[in-house]
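Visitor: What follows is each chain in one-letter form.
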Amino acid sequence: MLRVDVTVEVCGTAGDGTIAAGGLLNQAMSESGFSVLGFDSYPAEIRGFGRCVTRSRIGDRDISALEDTANVLISLDDSQSRARIPFLAPNAAVFFDSNPPTYIQEEDSLTSLLEPGTVLCGLPIADLATEASGSARGRNLTALGGFAGAFGLDPAPFRKVITRKFEAKGAQVLDANLRCFEAGYDFGREQLSDRVPEIFGPRNITEGPERVMLSGNLAIGRAAIDAGLKLYFGYPITPATPIMEYLAAKLPEQGGQVVQMEDEIASIAAVLGSYYAGSISMTATSGPGFALMTELIGLGVMAEIPAVILNAQRGGPSTGLPTKTEQSDLHAAVFGGPGDSPRIVIAPTNVEECYHFTMKSFRIAEKYQTPVIVLTDFFLDNRVENLPMPKAGEEEKAHDNLYPSESDKGNYKRYAATDSGISPRSIPGTEGFQYTATGLEHTEEGIPDYSADNHMLMSAKRHRKIQAALADLPAPEVISPDGALDVGVISWGSTFGSVLEAVHTAHEHGMKVGAMKITSLFPYHEDLIRAFMNRCDEILIPELNFGGQLADLIGRLHGKDVIRMNRATGVPIAPSLILKEIETLVMEGGK
Amino acid sequence: MRTQARVLAEKVAGIRDSDLFGVRSGALPTWCPGCGYYGIHQGLNSCIQQLGLPHHEVVTVSGIGCAGRYPFFTNTYGVHTAHGRAVPLATGVKMGNPALTVYAVGGDGDGLAIGGGHLPHAARRDVNINYLLFDNSIYGLTKGQPSPSSPMGMKTKASPGGTADRPLNATLMALTYGATFVARLFAGDPNAIAEALVEGTRHNGFSFFHIYTPCVTFDKSFKTWDNLKKWVHPLPEDHDPGDLRTAFDQVLKDDFSLGILFKNE
Numbered sequence: 001m002l003r004v005d006v007t008v009e010v011c012g013t014a015g016d017g018t019i020a021a022g023g024l025l026n027q028a029m030s031e032s033g034f035s036v037l038g039f040d041s042y043p044a045e046i047r048g049f050g051r052c053v054t055r056s057r058i059g060d061r062d063i064s065a066l067e068d069t070a071n072v073l074i075s076l077d078d079s080q081s082r083a084r085i086p087f088l089a090p091n092a093a094v095f096f097d098s099n100p101p102t103y104i105q106e107e108d109s110l111t112s113l114l115e116p117g118t119v120l121c122g123l124p125i126a127d128l129a130t131e132a133s134g135s136a137r138g139r140n141l142t143a144l145g146g147f148a149g150a151f152g153l154d155p156a157p158f159r160k161v162i163t164r165k166f167e168a169k170g171a172q173v174l175d176a177n178l179r180c181f182e183a184g185y186d187f188g189r190e191q192l193s194d195r196v197p198e199i200f201g202p203r204n205i206t207e208g209p210e211r212v213m214l215s216g217n218l219a220i221g222r223a224a225i226d227a228g229l230k231l232y233f234g235y236p237i238t239p240a241t242p243i244m245e246y247l248a249a250k251l252p253e254q255g256g257q258v259v260q261m262e263d264e265i266a267s268i269a270a271v272l273g274s275y276y277a278g279s280i281s282m283t284a285t286s287g288p289g290f291a292l293m294t295e296l297i298g299l300g301v302m303a304e305i306p307a308v309i310l311n312a313q314r315g316g317p318s319t320g321l322p323t324k325t326e327q328s329d330l331h332a333a334v335f336g337g338p339g340d341s342p343r344i345v346i347a348p349t350n351v352e353e354c355y356h357f358t359m360k361s362f363r364i365a366e367k368y369q370t371p372v373i374v375l376t377d378f379f380l381d382n383r384v385e386n387l388p389m390p391k392a393g394e395e396e397k398a399h400d401n402l403y404p405s406e407s408d409k410g411n412y413k414r415y416a417a418t419d420s421g422i423s424p425r426s427i428p429g430t431e432g433f434q435y436t437a438t439g440l441e442h443t444e445e446g447i448p449d450y451s452a453d454n455h456m457l458m459s460a461k462r463h464r465k466i467q468a469a470l471a472d473l474p475a476p477e478v479i480s481p482d483g484a485l486d487v488g489v490i491s492w493g494s495t496f497g498s499v500l501e502a503v504h505t506a507h508e509h510g511m512k513v514g515a516m517k518i519t520s521l522f523p524y525h526e527d528l529i530r531a532f533m534n535r536c537d538e539i540l541i542p543e544l545n546f547g548g549q550l551a552d553l554i555g556r557l558h559g560k561d562v563i564r565m566n567r568a569t570g571v572p573i574a575p576s577l578i579l580k581e582i583e584t585l586v587m588e589g590g591k
Numbered sequence: 001m002r003t004q005a006r007v008l009a010e011k012v013a014g015i016r017d018s019d020l021f022g023v024r025s026g027a028l029p030t031w032c033p034g035c036g037y038y039g040i041h042q043g044l045n046s047c048i049q050q051l052g053l054p055h056h057e058v059v060t061v062s063g064i065g066c067a068g069r070y071p072f073f074t075n076t077y078g079v080h081t082a083h084g085r086a087v088p089l090a091t092g093v094k095m096g097n098p099a100l101t102v103y104a105v106g107g108d109g110d111g112l113a114i115g116g117g118h119l120p121h122a123a124r125r126d127v128n129i130n131y132l133l134f135d136n137s138i139y140g141l142t143k144g145q146p147s148p149s150s151p152m153g154m155k156t157k158a159s160p161g162g163t164a165d166r167p168l169n170a171t172l173m174a175l176t177y178g179a180t181f182v183a184r185l186f187a188g189d190p191n192a193i194a195e196a197l198v199e200g201t202r203h204n205g206f207s208f209f210h211i212y213t214p215c216v217t218f219d220k221s222f223k224t225w226d227n228l229k230k231w232v233h234p235l236p237e238d239h240d241p242g243d244l245r246t247a248f249d250q251v252l253k254d255d256f257s258l259g260i261l262f263k264n265e
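Chains as they are written, first to last, in this note's numbering: chain A, 1 to 591; chain B, 1 to 265.
Hints may contain errors.
Stated by the list, open to error - Derived SDA-like pairs (lysine to any residue); straight-line CA-CA distance at most 25 Å:
#	chain 1	residue 1	chain 2	residue 2
1	A	K413	B	N75
2	A	K413	B	H56
3	A	K409	B	G52
4	A	K409	B	V198
5	A	K230	B	T101
6	B	K143	A	P448
Keep in mind the hints are simulated off the structure, nothing from the lab. A quick note: this is a predicted structure, and the numbers were derived from the prediction, not measured.
Between the sequences and the hints, there should be enough to build the whole structure, so can you do that?
Guide: Here you go:
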């Protein structure tokens with residue numbers, strides 16, 4: 001259990017520097033040796049009156065989820081922050097401007113709305129910033145300083161990360177920002193430190209390996225670079241765009257290129273073309289773009305051309321909720337598109353897995369000559385975790401294409417119906433092994449053929465091949481005591497982090513519950529999943545979608561109906577909510 | 001005695017023994033007898049021979065339609081993609097391995113309707129691929145519906161009252177989008193096709209070949225062999241393919257002048 005477990009929110013209007021302050025907070029706490037998981041929520045509109053909130057969970061052990069209540073709220077704009085009041089933990093500390101630059105009606109001010117028991121930490125944020133730097137623009141840093149000073153946090157890491165962020169903008173800008181921070185820090189230490197609770201614990205953080213702040217998107221980008229990617233084809237879409245932007249900066253360094261295509265159809269077409277020509281490539285998109293890709297994913301399945309497609313899920317259907325998280329593309333990923341088109345779908349559950357699964361997808365796509373879909377979600381893509389920089393071993397990076405042997409010349413069967421389903425794949429430029437890859441049903445030689453026997457033979461080959469891939473796909477992980485369990489919680493994607501924390505807490509309370517993490521969503525490890533289900537009286541499947549898409553996919557493996565916990569809220573499910581559901585089920589089972 | 005049958009047999013043997021046949025695959029084309037595509041096939045095969053390109057270093061990419069089957073009738077590498085997607089896939093092939101010579105082929109429905117969004121971007125991206133648009137102004141594989149290049153008023157089973165929409169001019173589009181090599185050709189003249197393809201293949205950039213061709217089965221009124229033969233003629237002898245404005249003027253005043261209209265090295 002975490003000894004330090006503090007959730008800090010920074011809230012303001014777009015333009016207040018809210019996201020910047022939250023980012024600096026995350027980095028400074030990481031530099032101080034804490035574990036950090038941060039997540040921003042911002043409006044889809046670039047300018048306007050949108051509310052910006054950053055949430056950081058700070059602890060002394062690894063953190064895998066966000067809680068839905070905050071222990072600290074740093075308000076840069078009361079009119080926005082009042083909406084966060086229901087999400088405050090009891091006895092939360094709230095930092096606000098005690099002399100705001102624009103007059104706030106009494107009924108709108110935070111102080112008049114907060115529950116009794118809230119620790120009020122008013123500081124003249126704008127005044128201090130203006131005094132320190134000549135303008136109120138650095139208010140966000142003054143507020144951050146007030147927070148750090150009040151809790152007695154070491155100011156050095158804050159100074160370090162502020163310097164790192166602003167030094168490129170010149171000495172004057174850097175100096176102004178540092179002075180704004182210091183003004184807030186001094187005020188907080190002198191005026192507020194005696195009233196805040198001691199929630200950050202004693203400063204005896206143990207030295208671990210060096211940690212970096214990494215978002216899911218960045219981890220994906222780094223994995224692609226480390227895998228030796230040369231070509232990225234894509235079309236801008238929230239929340240996948242940061243991957244394209246990261247690669248646009250990094251790929252040229254290794255002789256590669258980002259090509260912004262005219263749409264997602266062209267993007268997947270070019271990825272398939274590049275792989276056909278023997279060069280690994282990838283594309284990343286979100287639900288609406290993924291829908292456009294489904295026809296050509298089918299071409300990849302039929303013509304057995306590898307491809308790596310990352311679908312960063314957001315709220316749907318249609319344009320849906322572009323800046324909210326959801327897990328509602330599972331069925332689109334597994335079943336999307338016409339015909340029997342088995343493909344490989346994997347889903348990481350945290351930032352580190354974003355790296356390793358992206359790396360793995362290149363190898364699997366090539367070995368099994370088929371599109372591989374990596375399913376992430378907005379929360380996973382955009383949250384930041386501080387972790388040791390992930391690295392792949394040489395074996396993880398190795399390419400694994402089955403080439404035809406010289407003896408096949410003259411009798412080359414590009415689509416030979418082998419036992420594994422994997423057929424020798426020649427690369428253009430290789431003499432004597434020319435073939436035409438086609439989306440038409442075809443013979444083992446690749447010639448179009450619609451006969452009954454042939455369609456059965458080739459359909460079976462393609463399905464066999466995808467099932468064979470299970471050998472290379474990550475098996476489900478079980479976190480549970482041995483023996484029979486009252487409740488088993490099965491989960492995928494970013495929701496698993498919340499499940500893990502809920503189940504850990506349940507174990508501390510002595511409950512007989514277990515968690516299963518499923519990362520291979522198609523094909524999936526039927527036997528292992530069934531074996532776990534057989535140990536459990538009830539199976540609970542929490543998901544961030546309305547109908548229960550994983551429950552639909554694997555629920556049939558359980559002897560009785562699985563219990564669905566579906567949230568179409570656009571925000572991650574808090575561990576406490578899952579724990580409550582577990583407790584209810586355990587109690588009902590005991591009756 | 002040299003009967004007609006013997007003359008034909010000798011001709012066939014001559015073709016089979018020629019280098020030209022090497023580019024063809026063992027599979028016989030499935031196009032209708034008399035189809036204009038045979039002429040284009042001969043032109044492209046001849047171009048590959050003339051350039052001496054090893055067949056395994058050539059990739060032919062197609063979409064869907066009668067032209068979609070093209071890759072099966074050559075001895076190169078090939079991809080028969082989805083409807084309208086030959087050009088972006090060919091882009092990926094070329095960027096994936098720039099040593100390959102890449103031809104994208106497709107009809108007017110494939111390239112101007114469902115895949116019409118790709119042409120502007122292939123042109124402005126200027127990746128070194130060659131795109132042959134077989135323009136017969138009709139959907140042949142689905143048995144005769146109007147296409148984006150059908151003339152207004154053309155009657156088909158799907159347009160019994162005549163098509164209501166204005167036709168697209170693919171040559172004009174390619175020039176407008178900034179294609180750096182634009183030629184207009186006729187399926188009845190394989191030698192001219194080969195000649196233009198040789199030059200276009202050597203051109204380092206996106207090369208567009210707009211090829212007029214009849215559909216002998218479903219179009220009895222517009223682009224028939226008889227009409228096309230009457231209509232087409234070479235570009236003026238003094239046409240300067242280095243001048244974009246001249247190319248535009250030529251295309252705007254004359255739909256049927258053939259040759260290399262524009263080339264920007």
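Visitor: With reference to the structure, classify each hint as holding or not holding.
Guide: Consistency of the hints with the structure:
1. K413/A <-> N75/B: Answer holds: K413/A to N75/B is near 15 Å, not above 25 Å.
2. K413/A <-> H56/B: holds (16 Å)
3. K409/A <-> G52/B: Within the cut-off at roughly 22 Å; holds.
4. K409/A <-> V198/B: violated (30 Å)
5. K230/A <-> T101/B: Since the Cα atoms of K230/A and T101/B sit roughly 19 Å apart, the hinted pair holds (cutoff 25 Å).
6. K143/B <-> P448/A: Holds, because 20 Å separates the two Cα atoms, which is no more than 25 Å.
Consistency with the previously given hints fails for number 4 only.
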